[in-house]
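2 protein chains.
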Amino acid sequence: MDALRSHLATIQDLRHTAAVLEWDQETHMPEGSAEGRTHQISTVRRLAHELFASGETAQLLDSANARGELDEALILVTRRDLARATRLPADLVAEMAEATSRAKGVWAEARVQSDWSHFAPHLQRILDLSIQKADLLRPVLQEERGPDYTPEPADARYDALLDEYEHGASTADVAEVFRALRAELVPLVEHAASRPPVHDEPLYRYVPEGVQWELGLEVAQQFGYDFARGRQDLSAHPFTTSFGIDDVRITTRVDPNFFPTALYGTLHEAGHALYEQGIDPALARTPLADGTSLGIHESQSRLWENQVGRSRPFWRRHFADFQDRIGTWMDLTADDLWRATNRVQPSLIRVEADEITYHLHVLLRFTLEREMIAGRLDVADVPEAWNTGMQSLLGVTPETAGDGCLQDIHWSLGAIGYFPTYTLGTLISAQLWDAMAQDLGDMEAIIASGEYGAILGWLREHVHRFGRARSGAQILRDATGSDLDPGPWLDYARKKVHAVYGVDGDSWASSLDAMDG
Amino acid sequence: MDALRSHLATIQDLRHTAAVLEWDQETHMPEGSAEGRTHQISTVRRLAHELFASGETAQLLDSANARGELDEALILVTRRDLARATRLPADLVAEMAEATSRAKGVWAEARVQSDWSHFAPHLQRILDLSIQKADLLRPVLQEERGPDYTPEPADARYDALLDEYEHGASTADVAEVFRALRAELVPLVEHAASRPPVHDEPLYRYVPEGVQWELGLEVAQQFGYDFARGRQDLSAHPFTTSFGIDDVRITTRVDPNFFPTALYGTLHEAGHALYEQGIDPALARTPLADGTSLGIHESQSRLWENQVGRSRPFWRRHFADFQDRIGTWMDLTADDLWRATNRVQPSLIRVEADEITYHLHVLLRFTLEREMIAGRLDVADVPEAWNTGMQSLLGVTPETAGDGCLQDIHWSLGAIGYFPTYTLGTLISAQLWDAMAQDLGDMEAIIASGEYGAILGWLREHVHRFGRARSGAQILRDATGSDLDPGPWLDYARKKVHAVYGVDGDSWASSLDAMDG
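First to last, the sequence lines map onto chains A and B. Position 470 of the first sequence, counted from 1, bears residue number 470 in the UniProt record's numbering, the numbering being contiguous throughout. Position 264 of the second sequence, counted from 1, bears residue number 264 in the UniProt record's numbering, the numbering being contiguous throughout.
Treat the hints with care, as some may be off.
[As the list claims (entries may be wrong)] Per label pair, the in silico range of CB-to-CB distance: (1) Thr-38/A <-> Asp-331/B: 45 to 55 Å; (2) Gly-481/B <-> Asp-233/A: 33 to 43 Å; (3) Arg-67/A <-> Glu-26/B: 34 to 44 Å; (4) Arg-253/B <-> Pro-208/A: 21 to 31 Å; (5) Asp-91/B <-> Pro-139/A: 55 to 65 Å; (6) Val-351/A <-> Val-93/B: 33 to 43 Å; (7) Pro-281/A <-> Glu-26/B: 19 to 29 Å.
[What the hints assert, rightly or not] Only part of the chain B face toward chain A is listed, based on derived beta-carbon distances under 10 Å: (8) Thr-17; (9) Pro-30; (10) Thr-43; (11) Glu-109; (12) Gln-113; (13) Asp-115; (14) Asp-246.
Hints in this document: simulated from the structure, not taken from any laboratory. Keep in mind the model is a prediction, meaning the values are calculated, not measured. Backbone N, C-alpha and C define an ideal beta-carbon position, used for all residues, glycine too.
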């Protein structure tokens, strides 16, 4: 067992090292260093893969004697990872790396030019390789899930891709969830559109970059993000990265004329970082010291960003301080900001979408991926399918592919099966929130008094500490008593929209009184 | 040859990766990450060593067919490195790593407490291991240097340690150089002390940290430091590090009440960085893409820091701009600053010493190292030897060991044989400067007009581009027509002291006119 742990520790060191190289690349690296850095990252990742996929890992697993629950989890998770790592031939991995490396550059050009046909052959290549990969991984899923696992043939491949990001999830279940979301959200968004618009001008007032930076950091610190074991830097796209439990870093970007970018970016990433910082130190330098699934990870970022950071008591608590430091907010109230940061507005770009319409973007992306992998949608037909989908879900149609199906980088990276986890995480966040409220009582009062430690403590106890030693499904079940369920989040969304926009026939005031939250 | 290059490229990637981890450790890393980072660095360095010292390198060397001068140099240098890497058993390397890891912490405590006896057993252990190492490396030196190499037996071990930092150097030659320096410098320092003191109050005026930061960066940029392939960060101890020719970074520290720390720190490190940035891109990702010796490296930092940055024309050129940005310098002249930054003042701490007395500190450290390795000085007697030496060389005696023999970290790191390269580099800088003046003409006029590109161009041509493809001795000989020679620097030092302090019987004014420079 010690030999296994030492072998895995070396591999974890290399993975964390690659993460340091990547972090530097996105934050501080001088532009001229791009080529050299690509070599370094690829060398370190290759060595980590070779060490892990080598016969040594299998041998050490076979001869390891587990001395307790933690050792058992370590062996289980390592076997699961190894089954995947050894299943894919080096040639396929190299072909995918080459295809995505090319596709990434082509995608960036195609987006600027809004030229789908430029990107299409590269996506086709990535799809072909993804299908090969899925077919190689399907037996692993079958083995793990047992004889009861009998997916629709058309979805078996997507299951294998989805499983990379959300272990144990099934395409059919995800599709069912999205059906439920669609049925509720489309009318909810229409309802918001039928009401007087929210006054969102405060969002666009100039706030100096330094002030934005400080506000975000201070709130993150109040949430419990430990800056002795983390830090924040600037990057073009916000992300969280872990170099170990004691070094979890976030990044943000700052738009002086749209403060939610930095503030909610920081709170979102801080939510991810609180998860990684909260993993039991006993798991350090093992593959268990990581988020258990992307869904659980996203539930943590969404919870702090939305359930906390977009709540009315949050704004009431922090507003006076913000106002003191942002001279131009003197004519505003806490409720003005609460309402503005909760406006619902169909729009074209996912990453700029509000909390509610966001999931209709994800739904569309998931649907198209699933159809392409199932062979029911040709790559050439994606732009039309995208535009039709946007119109029917959100009532808007992009004028160009750059603002449409070309807006997101993920496909060019080969990340097919990734998108649904954004929404799964959101649904989980609401389930966890309701379970937390059962234990802690009045969540509004907790936020109003800034007792974020109570929230963090509950999450540490029920989610964070386990790392990968428990599966996402297990954590959800143990913490909430139920499996994935869109109900709690739909309740939350409905209440939020009604609170901000009023319900039919109600006046503003009475709706706010009735639906405080 | 391609297989050899590819193998060595992987190893270089790992070494550069370790350098990134170390850079982050000193600049941005949160304190809580110390333990995890130690693991990561040690894993990456260990894998790089294992890959290099493996039989594969030897096999690839044996079957490689050099296709030109560069390939030949690559094979030669790789063989030389491999002879050393394979000579030291893994146990010894591990014991040294453990001994220094402990010694580093103990040294820090001992220095604060000024308690030599606390550190002494750790130094003894490091000396014992260094002697073992030296004895293992001596046959390599003998093989490389041939039958004419017949060192004094007492110096053979120190030769092997010195060779790690300054390939090909001999203890006897270094001792001879220091004898010459001592004979000239002790009276020169006494001469300065006998003259009216330099008005150094301007050095201690408050200059805001941001202003200091910008001034250093701008001068470094004017010297030719390419910030598209580099950057500057803050760290407790300034250093330069390379992650490849296209990513060479420096650090500095800033004392708001003593601007030379940051300004000359930046210019010194920029000199190192200009060297690494100037290596021929054809050497990228090979072990040739590095400084050829510490002496040559230090010659580059000293040249930009002192020959350029402490010259009178430098101050005359930049002073008006500095004055504009430092409001409190209005009563000063360029010559006030030139003189203040060239004061000569015996002092206790090496890193705070002036350009002239600095080398007497190094001389003492070299002498004690040599005596300890030769078995003529006991560890217990070092404090007394230190104090006696300081008194006889500089006329000052530390009151505590913390300000005396415990002041420097190097011994605790196992870096024995390192110190002399500080002085060798200084001597080389003056030899290069004189050779440059032969080619370029009036160096004062060049500095006065800010034509730093001419200086950089000459150094690129005669020093930088070769990397390790030529030895330090070869570069020196090709560039200057002579071997290591303290004469040029002693001339420079004498002229500088006389210019700043006047010569006996001369008035200030006539001495300045006579010795402009």
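So, going through the hints one by one against the coordinates:
| no. | hint | in the structure |
| --- | --- | --- |
| 1 | Thr-38/A <-> Asp-331/B: 45 to 55 Å | holds, 54 Å |
| 2 | Gly-481/B <-> Asp-233/A: 33 to 43 Å | violated, 50 Å |
| 3 | Arg-67/A <-> Glu-26/B: 34 to 44 Å | holds, 38 Å |
| 4 | Arg-253/B <-> Pro-208/A: 21 to 31 Å | holds, 28 Å |
| 5 | Asp-91/B <-> Pro-139/A: 55 to 65 Å | violated, 46 Å |
| 6 | Val-351/A <-> Val-93/B: 33 to 43 Å | violated, 50 Å |
| 7 | Pro-281/A <-> Glu-26/B: 19 to 29 Å | holds, 25 Å |
| 8 | Thr-17 | holds, 5 Å |
| 9 | Pro-30 | holds, 6 Å |
| 10 | Thr-43 | holds, 4 Å |
| 11 | Glu-109 | violated, 22 Å |
| 12 | Gln-113 | violated, 27 Å |
| 13 | Asp-115 | violated, 30 Å |
| 14 | Asp-246 | holds, 4 Å |
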